[in-house]
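A.B. asks: Residue numbers (this note's numbering), protein chains in the order written: chain A, 1 to 236; chain B, 1 to 385.
Some hints could be false.
Cut-off 30 Å, straight-line C-alpha distance, at most; resulting in silico cross-link-like pairs (DSS-like, lysine-lysine) [stated by the list, open to error]:
| id | chain 1 | residue 1 | chain 2 | residue 2 |
| --- | --- | --- | --- | --- |
| 1 | B | LYS9 | A | LYS79 |
| 2 | A | LYS138 | B | LYS5 |
| 3 | A | LYS142 | B | LYS5 |
| 4 | A | LYS131 | B | LYS5 |
| 5 | B | LYS62 | B | LYS43 |
If you are wondering where the hints come from, they were derived from the structure by calculation, not from laboratory data. The model shown is predicted, which means the values in this text are computed figures rather than measured ones.
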Amino acid sequence: MSNAIIKTQNLCKQYGSGATLVQALRGVDLEIERGSFTCIIGPSGHGKSTLMHLLGGLDQPSGGSVAIDGQEISSLSGKDLAALRACKIGFVFQFFNLLQSLTATENIEVALMLAGVPDALQQERARELLKLVGLSDKAGAKPGQLSGGQQQRVAIARALANDPPVLLMDEPTGNLDSAAEAEVMAVLEELNRGGKTLILVTHSNEIAARAGNLIRVRDGLIEQNPALDQQLKKIA
Amino acid sequence: MTPNKLVFKNITRRRGRFIFTLLGIVIGMASFVTFMALGGSLKSEIERESAALGANLVVTPKGSCAYEQVSILTGEQLPTTITAEEVASIRAIEGIQAIPYLAERSAIDSRPVSVMGILPAETKEFKGWQITAGAYFPTENADGAVLGSVLAEQFKLLPGSEVRIRGTMIPVLGVLEETGGKDDLTVFLSMPVAQQLYKQQDRVSYVAVRVDKIEEVDLYALKIKDQVSLGVVSDKQMLNSVLGIVGTVNMTLQLIAAVAILAAAFGIVNTMMTATYERKREIGILQAMGAARSTIFKLFMLESAIYGLLGGIGGALLGLAGSHFAAPYISQNAATSFVKGAQSSIDPLMLLGAVLFSTLVAIVSGLYPAWKAAKLSPVEAISYE
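Just chain A, with the same shape it has in the complex (with noise of 0.2 Å):
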C-alpha cells in the first residue's frame, strides 16, 4: 500500500480562455510520502503557487486529480473542501497573513474555531501551540508587536491548531533575515521530526537543499534534473 499522503495524476490547470488562456499546469504527476520534508522550487510564474493552492485544496483543477489524505478532492463540495482543509492542511504564507486585530493566542483559536472546536478548549490549546513554537510569552501580543520571525512562528502555530498531517508552506521565510529563518526552519525541521509532512514553495537553494525531496516545476511540468539536485546536495 502507498504511503502517499497527496497523489496527483496528470494534474492540468489553465486561466482564463481563447487568446488569454493560461496552462498553469500541463499534467503534473507525483506522490508526497506522509512524514517527508519537500521543496518546491522553479522560475516565478511557471506553475509552483499554483501546485500550491491545488495540493491545498484552494482550488479546483482543470484537469486530473489530487488526492489528500486518500481523498479525491475535485469530487468534493465546497463546503466538504473547507473541512479537509480545517483538518488536513495547515497553511503557512510568506507574509504570516495573521489577523492583525486579533492577539497571537486569538490567532489560533480563529483556526480552532473554524473547525469547530468549543471556545472553553481553545485557549489550552493555544498556549500548548505557542510553547511548541517558543512563543508562550507573546500569547497577548497582537502582530504588530512582534517580529517578523515571531509572527511567522504564530502563524505555523496557527497552522498546527488541529493538527493536520500536512504543513502547506509558500516561502514561509521570504519576508525574514537570516537569524529570524534559521528559528523557523529549526522549529520546521522538528515538526517534521515529530511526522508532519512538509511541503515547502521557496527560491531559496539553502533551504531547498534541507529537504529531502524536490519538485522541480517549469513550464507547469515537473522537472527532472539530477545535476542540479546534485549541486543542491553539495550546498547541504
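Using the hints provided, position chain B relative to the given structure of chain A.
C.D. replies: For chain B alone, coordinates are given in the frame of chain A:
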C-alpha cells in the same frame, strides 16, 4: 474564540467608521420611534378626549368638516354660528341632554390656552367634575373662572388670584380636580361672561348631546336635524374621522422616518462593502484555515446585524427621549395637540418591534456585501494585495 467575538473585534477595528455608521441607524430609528410613540399617544389621547366629552352626538355648525371635529376634541377655537334659538330647539327635544359650549382661545403669559364658555351646573353634572381648590361657579352667570388643574399649576393660579382674559382681569374661583384630558388645560367661564368677553352674544360653538336610550341615537340625530339646520355627528363618526386625519399626519411622519432609515441602511451597505474590500486577504486566510463560504457569509451578516441591533437599541432609547422632550413643543396645532402630557402610552412591544425592525433592515442591508465576501475564491482572496 467564537464568531460573535471575532465579529465584535472586526466591527470595532475602525472605531470612527463604526460610530458614524451606527449613528446613521440610531438617528433613523430614533425618528421612527419618536413618531411611533407620539402617534400612539395621539390615538389614545383622541380616544380619551372623545370619552371625556361624554356625548353620543355632537351638533356642529352646518358645513363643518373633520377639522372642526378635531377642534372639538382639542379645545381649539371654533366658529360660533349656532344661535341661542337653535340651542333652545335642541334642548326642547325630549330624551336627550344637550350642553352648549363656546370654545375660544386666549393667552396667559404669551402661551395659548383654551377658554370655554359653559352652563356651570349642567356641565359639572354632565362631566362629573369635582373641585379640588376654591369654589365652583355659584350662579349660572357668575363672574369668575374655574381652571383646569394642570393649567392652574402651570401658571401658579390659585383661587383668589386673577387671570387676564382678553384684557379683562377675571377672579379665579376654583380649580377642578384632574381629569387627565384637555379640561385640565382649559379656563372655564360661565356662558354669559364668555359670550360677553368674546362678543358672541347668544351664540355657541357646538352642542354636546347625550341620549337617554343609546340604541336610538340615530333616531335622535334625525330629530335634531329636523329641528335645526345644523350638522350632527355621532361620537363614533367623529372619532373615526379624527383618527383618520391624525392617522394620515402620523403616516406622513413615519414615512419621513422611513426615508431616514433607508439612508442609514445604505450607510450599512457602504460600510460593509468597504469592509469586504479591506478584508479581502483576511477572507482568503479564513478560507485557507477551513472557513466555508457559508461561514464567511454568516460572519459578515452577523456584523451588519450588530449594527442593526445596537442601532435599534440606541434609536429606541433616543426616540423615547425625543418623544418625551418633543411632545410639549409640537402640541401647538390641532392635529398634534393631543400629545400634551401623554408620554404614558409608550409600549414596550413597540420598542422591541423597533429593535427587531432595525436588525431586520441591517440584515437585509448586509446581504449583498456578505454575498460578495462569500463568493470570493480562496486563491483570489489570498493573492489580493
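A.B. asks: Tell me the hint numbers this structure goes against, listed in increasing order.
C.D. replies: none
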